[in-house]
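Residues per chain are reported as follows:
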Amino acid sequence: NAGVTQTPKFRVLKTGQSMTLLCAQDMNHEYMYWYRQDPGMGLRLIHYSVGEGTTAKGEVPDGYNVSRLKKQNFLLGLESAAPSQTSVYFCASSYGGSQPQHFGDGTRLSIL
Amino acid sequence: GQQLNQSPQSMFIQEGEDVSMNCTSSSIFNTWLWYKQDPGEGPVLLIALYKAGELTSNGRLTAQFGITRKDSFLNISASIPSDVGIYFCAGQRGSQGNLIFGKGTKLSVKP
Chain Y
1 NAGVTQTPKF RVLKTGQSMT LLCAQDMNHE YMYWYRQDPG MGLRLIHYSV GEGTTAKGEV
61 PDGYNVSRLK KQNFLLGLES AAPSQTSVYF CASSYGGSQP QHFGDGTRLS IL
Chain D
1 GQQLNQSPQS MFIQEGEDVS MNCTSSSIFN TWLWYKQDPG EGPVLLIALY KAGELTSNGR
61 LTAQFGITRK DSFLNISASI PSDVGIYFCA GQRGSQGNLI FGKGTKLSVK P
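Chain order of the listed sequences is Y and D.
Residue numbering for the first sequence follows my numbering, starting at 1 and increasing by one per position.
Residue numbering for the second sequence follows my numbering, starting at 1 and increasing by one per position.
Looking at chain Y on its own, in the form it has when it is part of the complex (with noise of 0.2 Å):
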């Protein structure tokens, strides 16, 4: 059972340089999330999608853009990444927006 999984597990960028983060979760789950996390900090809500074809902003939207055409999958993409977006991605996905969220292990990004 894979449960959320996380593609690509590392990235170097270069700045201005795009890229798509990609999410897969196996437990036919209606929502999903992106977080951000920052050395020292929580996770941080970057968007969410409380089901196929939606998408929402979270606390810290800026730079990202976020698609959800399947169930399964929910997109982070990166238009043109800026060193200030070097961090850890997890993605989660749930059944509900009341129900416990479940983690991928995070595709980690630098962006030199």
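Looking from chain D toward chain Y, a few residues come up when the C-beta cut is under 10 Å (computed):
(1) L33
(2) G40
(3) Y50
(4) Q92
(5) G94
(6) G97
(7) N98
(8) K103
(9) G104
Simulated from the structure, these hints should not be mistaken for laboratory data.
Computed from a predicted model, the values in this text were never measured in an experiment.
The beta-carbon is built from N, C-alpha and C at its ideal position, and this holds for glycine as well.
Got chain Y sorted already, so can you dock chain D onto it with the hints?
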């Protein structure tokens, strides 16, 4: 942005000791969650609390949802080496899953 005040920031444990940590907020939450994160991994849910005053156990872990709905604590009894890691509290207000996380409590083994 909103933050939860989690304390202590770090602590050292000796095998067999009991451990306590807590989270406080100036705002009310409907749900409190406690997660543990090991190096290189994502947070893993330990305990979920849904009702003010609720006291819930998961093995050696016990957590409580404060009566004021503005705080929660986590206790670990008889700690063992594998308890080492970072523990996060998280609070939720609405029904869309937006979680607010504390900054974490790092448990390390006493040298």
